Amino acid sequence: MDRLLAVLGAEVVHFPLKTKCCGGSLTGTVPEAGLRLTYILLKEAVRRGADVIAAICPLCQFNLDAYHDQINRRWGRTRIATVYFTQLMGLAFGLPAEQLGLKRNFVPMKPLPIEPATL
Amino acid sequence: MNASNGNGEVRIGFYICHCGTNIAGVVDCPAVAQYVAKLPGVVVSRDYKYMCSDPGQELIQQDIRAHQLNRVVVASCSPLLHEHTFRNAVAAGGLNPFYFQMVNVREHDSWVHTDRAEATAKAKSLAHAAIRRVRFHRALETTRVPIHPDVLVVGGGIAGIHAAITVANAGKKVFLVEREPSIGGHMAKFDKTFPTLDCAACILTPKMSAVRSHENITLWTYSEVVKVEGYVGNYTVTVKRKPRYVNEELCVGCQECLKACVFKEPKFPDEFNVGLNKRKPIYIPFPQAVPQVVVIDPERCIQVKTGKCKQTCLEACADRHAIDFSQKEELVEIKVGNIIIATGFKLFDAKRIPQYGYGLYPNVVTSIELERLVTSSGPTAGEIVLRDGRKPKSVGFILCVGSRDMKTNRWCSRTCCMHSMKLAQLVREHTDADVTVFYLDIRAPGKGCEEFYDRSLKEGIQFVRGRVAEVTDWALAPEEEGKLVIRVEDTLAGFVRRIPVDMIVLAVGMEPQADAQDVRRLFNMSCGSEGWFLEKHPKLAPVSTFTDGVFIAGCCQGPKDIPDSIAQAGAAAAEAMALIDKGYIEQEPNTAYIVEEDCSGCKSCIPLCPFTAITFDEAKQKAHINAALCKGCGTCVAACPSGSIKQNLFEDEEIFSEIEGVLTYA
Amino acid sequence: MPDPNWQPRIVAFFCNWCTYTAADLAGVSRLKYAPNVRVIRLMCSGRLDPQFVLEALAHGADGVLIGGCHLGDCHYVEGNYKTMRRFTLFKRLLHDLGIEEQRVRVEWISASEGEQVKSVINDMVEKVGSLGPLNLPKRFAEWDREITALERELHKAEQQAEAKEAEVAHA
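As they're listed, the protein sequences go chains B, W and X.
Per the working numbering, numbering through the first sequence is continuous, rising by one, with the last residue being 119.
Per the working numbering, numbering through the second sequence is continuous, rising by one, with the last residue being 785.
Per the working numbering, numbering through the third sequence is continuous, rising by one, with the last residue being 956.
It is possible that some hints are incorrect.
Stretch by stretch, here's where chain W covers chain X in the computed footprint (C-beta under 8 Å, at least three residues) [stated by the list, open to error]: (1) 800-809; (2) 821-831; (3) 838-847; (4) 874-885; (5) 932-940.
Going by beta-carbon spacing under 8 Å, a handful of chain B positions derived as facing chain W [said to hold, decoys possible]: (6) ASP2; (7) PRO16; (8) LEU17.
Hint data in this document are derived by calculation from the structure and do not stem from the laboratory.
Since the model is a prediction, treat every value here as computed from it, not as a measurement.
Beta carbons: idealized from backbone N, C-alpha and C, even for Gly.
Required output: the full structure, derived from the provided sequences and hints.
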């Protein structure tokens, strides 16, 4: 995924937590544990200077996107959008945000100046 | 000796070996002997505890004389192990050794089956097959193939060097072919060797010098073997000599040309220093290189690539004219009798384990990179430094990187525990840093090695038992900021630990060379399932291969340290010299022959022989087999439509009788 | 009447350098496999005359297993290629003879593949076992008896015909 997005023109930030669990189904069953894991990922991504998180798994994308309120209440302010890597690919190909479903996130993605990739 | 062939009576002696309990534990040996006693032609049928022992062999010899036996069958282990032993015993008893047949009731029966009744029935039918077959055996003589006295050694690492010197000292002519521009192999890159902490260069360079100055050794570096034809005692080998663009006879290694090169600064990764520093397109691999001759990299030199360079190197060598851009690749053919392969190993590519961060975090290095840092003649003059030049205050060694690992390489690379402890001691010596070794098991089997481990502990090196899960730069505490954090389960303490260090050294494992498969096909060898060259027998013949005249030594046969590599090199040299001094090898007489009257001249067999042993006699209009070239595969025998080609020891009648025997159940 | 105690009998021809050595390795490693196979050693799978296979089947084998080196690795360079060619054609002959294809099997097993020897033998015993006995000797004997019986009847009919003729001639 790193290489794919780099080829399309994104600057991929070094993120050693990229394979860490997002909290999975724990956010529903043991929220204290699950949300904590989600918070760790969000916090580190912001600290590393990322504009957006690219995800591949629907559960990851949902966890990272939907629980900002609860997380901010419990552990402190943090905010970053999470989208599917395919949505980023679509942006690179020049497709409009509506078509890519980018308006459907809980945390909207910052409108980035994206040049369609010249492929 | 009364030996008959259908003409006169066949008198067979049958022996089944107990092999202690190896066979007798599963197969009812007395029952088999009793069964065989009743078969036609069997005069003597015995079971005995250890047939291959002296008394066992004497038993055969006595029976041959006392009972006028003219055939002998022994049921015991694999013929690949003891056929030779029993043939000799039969010959010592006065009977032609090829009147002997062996039955495998151990490797193929007692060791692989558990039901006593089934195993015994199988032994009986296999024995029956041999009894029927041996009737058709004839007296045969082994052929002698002369052995050319010259030896080819492929690979100029410590094993190849030692083998070459040993054979050369015995007065034989040796060709040592090495594909790098200098001999020395991996050992030339080491600083000190365990467990004595001898300086590697100090013990290696005298041997390298000896190779250079030995009158019996022809050293061809920057060369590779490209073709091998022939067979034991008579190999014709084609060696490709790559052009250095420098005349070896004229260059004295003064290195003025290096200074004069149009590249003012070195620009290309230096292979000897594993990329830690740079070199120019014209270079000497390392200061003690043998031969002490400069080499020009054809991929990087402007003159070689484009023809448009000022050629300042030529000017610098104006008085000796050693540089010669007109050099071309040369193919040279040599004749040798024996070949010793000592092509060594390559190191595991640590990038294959991304969790350890090699290639990602600059201060994660491999053991060989640290080796170059530690060496006083290395890129940092012996200073162990981080990439930014600072001295590390803490170093972690991760063992078993690419070894003992289900996901990468299953085997243990045997030397890395000792190698890492040696480096750990050197790090303590050079930097006084805190050193921690993360291990699965510490393997220190050689002489002085366990004591070396003790010493490592006394030097204050910490040992943590656990396979490192991850190397990360994600700091969770102030003391972890700016460092690399090793996450590992400390299995002896019983919990997961995070240990921050400045520098991480990965003890990368050994692997077969990248082109091992190509090399082994070139020399008609096999590889084991792990990719190392296959020895003839893991216990009894570790340096021989299944191809007579081709021997292996050193790490190409499997991971090992320097003393073991040298031991194997000496062993391979001895095996080669045994053949040379004897002067001939006895070839098994299983060659094919043509019964001329039956040959119709159809020529079906002519194109089948890979050894071109079959020719067509135009005058007689019949095929002809050269017994000296025939290797005994039997392909032409099976193909001949008129059945006029036959094979000694594997005649059609012999095999048909085996088939019948094997399907006759007790 | 199918014999409940029947076990398949398989004759194997293994090449000395690869498959026979692998079978030895299986023994050294103490791997256990079905005891139904009897190995005949050849120097190379190229020595295998298809007649050996027919002979084995005719003498009562239910299956024949041929073992050689992997293609490209033959100790004698190309012997196994010849084996491969011969058996591609031979399979058609077997088919025409009405013998099931799974009864004759060619396997490439290298000297270090002891495990393969075990798994191939076990697999083949199972497959041939489910095909049932081939038992050609019994069938040959039956056909012999049938033919003999037919011949006798034919002879008897001829004799009767001659006798009748003679009667008519005398009449």
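Here is how each hint holds up against the structure:
1. Here's how the region 800-809 of chain X fares: 7 of its residues keep a CB closer than 8 Å to some CB of chain W, so the rule of at least three is met and the hint holds.
2. Coverage of a stretch by a chain is defined here by at least three residues with a beta carbon nearer than 8 Å to that chain's beta carbons; for the region 821-831 of chain X and chain W the count is 8, and the condition holds.
3. For the region 838-847 of chain X, the stated coverage by chain W is satisfied: 5 residues place a CB nearer than 8 Å to a CB of that chain, which reaches the threshold of 3.
4. Proximity of the region 874-885 of chain X to chain W, defined as three or more residues with a beta carbon under 8 Å from a beta carbon of that chain, is not established by the 0 residues found.
5. Residues of the region 932-940 of chain X with a Cβ under 8 Å from some Cβ of chain W number 0, which does not satisfy the need for three, so the listed coverage is violated.
6. Below 8 Å, beta-carbon pairs count as interface contacts, and ASP2 of chain B has none with chain W, the closest being about 11 Å; its hint is therefore violated.
7. Among the interface hints, the one on PRO16 of chain B holds; its C-beta lies about 4 Å from the nearest C-beta in chain W, closer than the 8 Å criterion.
8. Annotation: interface hint on LEU17 of chain B holds; nearest CB of chain W at approximately 6 Å, less than 8 Å.
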